[in-house]
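Chains as they are written, first to last, in my numbering: chain A, 5 to 204; chain B, 5 to 204.
Simulated from the structure, these hints should not be mistaken for laboratory data. Keep in mind that the hints are not guaranteed to be accurate.
[Said to hold, decoys possible] Derived pair list, reagent style EDC-like, types lysine to aspartate or glutamate, alpha-carbon separation capped at 20 Å:
#1 A:108 to A:183
#2 B:66 to A:165
#3 A:64 to B:51
[To be verified] Here are some of the chain B residues that sit facing chain A, going by a computed Cβ distance under 7 Å:
#4 54
#5 57
#6 61
#7 74
#8 84
#9 152
#10 169
#11 171
#12 202
The beta-carbon is built from N, C-alpha and C at its ideal position, and this holds for glycine as well.
Protein chains: 2
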Amino acid sequence: MSVHTIEFFWDPASPFTYLAATQIEALAAECGAELRWKPFLLGKVFEATGNRPPVSVPAKGKHLFQDLARWAKFYGVPLQFPKSFPVNSVQPERAAIAADKAGKGVAFAKAVMSAHWADGRDISQADELKAIAASVGLDGEAIIAATQDPAIKEILKANTEDAIKRGVFGAPTFFVGAEMFWGNDRLQLLGAHLKGKLAA
Amino acid sequence: MSVHTIEFFWDPASPFTYLAATQIEALAAECGAELRWKPFLLGKVFEATGNRPPVSVPAKGKHLFQDLARWAKFYGVPLQFPKSFPVNSVQPERAAIAADKAGKGVAFAKAVMSAHWADGRDISQADELKAIAASVGLDGEAIIAATQDPAIKEILKANTEDAIKRGVFGAPTFFVGAEMFWGNDRLQLLGAHLKGKLAA
Numbered sequence: 005m006s007v008h009t010i011e012f013f014w015d016p017a018s019p020f021t022y023l024a025a026t027q028i029e030a031l032a033a034e035c036g037a038e039l040r041w042k043p044f045l046l047g048k049v050f051e052a053t054g055n056r057p058p059v060s061v062p063a064k065g066k067h068l069f070q071d072l073a074r075w076a077k078f079y080g081v082p083l084q085f086p087k088s089f090p091v092n093s094v095q096p097e098r099a100a101i102a103a104d105k106a107g108k109g110v111a112f113a114k115a116v117m118s119a120h121w122a123d124g125r126d127i128s129q130a131d132e133l134k135a136i137a138a139s140v141g142l143d144g145e146a147i148i149a150a151t152q153d154p155a156i157k158e159i160l161k162a163n164t165e166d167a168i169k170r171g172v173f174g175a176p177t178f179f180v181g182a183e184m185f186w187g188n189d190r191l192q193l194l195g196a197h198l199k200g201k202l203a204a
Numbered sequence: 005m006s007v008h009t010i011e012f013f014w015d016p017a018s019p020f021t022y023l024a025a026t027q028i029e030a031l032a033a034e035c036g037a038e039l040r041w042k043p044f045l046l047g048k049v050f051e052a053t054g055n056r057p058p059v060s061v062p063a064k065g066k067h068l069f070q071d072l073a074r075w076a077k078f079y080g081v082p083l084q085f086p087k088s089f090p091v092n093s094v095q096p097e098r099a100a101i102a103a104d105k106a107g108k109g110v111a112f113a114k115a116v117m118s119a120h121w122a123d124g125r126d127i128s129q130a131d132e133l134k135a136i137a138a139s140v141g142l143d144g145e146a147i148i149a150a151t152q153d154p155a156i157k158e159i160l161k162a163n164t165e166d167a168i169k170r171g172v173f174g175a176p177t178f179f180v181g182a183e184m185f186w187g188n189d190r191l192q193l194l195g196a197h198l199k200g201k202l203a204a
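Construct all of the structure, not just a fragment, from the sequences and the given hints.
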């Protein structure tokens, strides 16, 4: 039996990525798919594609808060809008890559998104990142130091360039092979695809 | 027992509105809600809000076709991308209002969206609108004549202004009282709301 792999391009600055991250592991398990978490920089993707965040349209931004709150209730997960929004996610993403090299990539990814979107913490700050690293059993100082490692920086850059090359314009974005799915609101289509229900 | 009313702001130029229109009656029935179809002009809403259609971002436009095809398969409904996209929907919307006055508003709305998105017909053309009107038992010539009636024009203008005033920035948009839901992909949240599952 062939096993699908879901590539999950995530950026902790994106609230819909947080929401999707609370659901994707259960969906992958239900569909027997493997999950690969790929940190990337949504801001660079916006620059490259000309796409804009929803808050750039006032009426859309106004609705966004209500929409996010509904999703959180629908999923039964906590959510608050951080004072530090939109957060600079370069350091948290580099830290996630360092955490991955230390064998705790997924735990760190979930913890950093939860710190930001459930607890409202400013994850651009080194002290917060150290505490998050420690909470998943990592050496916080070592993780912060690793964010300055050129090899770590390069992985984040490469993930972002790979995303742009493959047509990504927002977050979260999922790939199953060449099939791209954009948005927390496409998880039901992703699930249907993995179950073979969208075949021509 | 209080019965919810869903106001459904629709524009046949919008593919996601067509998709939602294939589902909304069943959802309303399931939730015991009444449904009120409100034609409005999405183009005017884009002008007023600064929002832009997805195709205005090339990477987004490229993905749009695949995304729409997936939704159509997911729902089990036909879909083709009309050669006349983006269609000028002023005449079809006025015709829908005239059809409503003749007691066939919903039948016409569904027929005009299906003609455009399932059959690829150019619904800006009077001959097409006449045929669509006839297909739901209306006098096509009378409907076309009514599109020039100032009272009909005024209703479309008023619906559009009402939408903008209430925060609409895209289509489809649904209201349940003051609660706004935007997008075909929010039907599951609309259903959850109607069933009281999103209460604080």
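Hints, one by one, checked against the model:
Taking the CA atoms of residue 108 (chain A) and residue 183 (chain A), the gap is about 27 Å. The hint is violated against a cut of 20 Å. A distance of roughly 18 Å separates the Cα atoms of residue 66 (chain B) and residue 165 (chain A); the hinted pair therefore holds under the 20 Å criterion. For the given pair, residue 64 (chain A) sits about 14 Å from residue 51 (chain B) by alpha-carbon distance, which is consistent with the 20 Å threshold. Taken as an interface hint, residue 54 (chain B) checks out: its beta carbon lies about 5 Å from the nearest beta carbon of chain A, inside 7 Å.
For residue 57 (chain B), the shortest C-beta to C-beta distance to chain A is roughly 12 Å, which exceeds 7 Å, and the interface hint is violated. The beta carbon of residue 61 (chain B) is positioned within 7 Å of a beta carbon in chain A (closest approach about 5 Å), and the interface hint is therefore held. This hint holds: residue 74 (chain B) has a C-beta 5 Å from the nearest C-beta of chain A, less than the 7 Å allowed. At about 14 Å, the closest approach between the beta carbon of residue 84 (chain B) and any beta carbon in chain A exceeds 7 Å, and the interface hint on this residue is violated.
Taken as an interface hint, residue 152 (chain B) does not check out: its beta carbon lies about 32 Å from the nearest beta carbon of chain A, beyond 7 Å. The beta carbon of residue 169 (chain B) comes no nearer than 11 Å to any beta carbon in chain A, farther than 7 Å, and the hint placing it at the interface is violated. Interface restraint check: residue 171 (chain B) against chain A, minimum CB-CB distance 6 Å, threshold 7 Å, status holds. Taking 7 Å as the C-beta contact cut-off toward chain A, the hint placing residue 202 (chain B) at the interface holds, the least distance being around 5 Å.
Hints 1, 5, 8, 9, 10, counting from the list given before, are not met by this structure.
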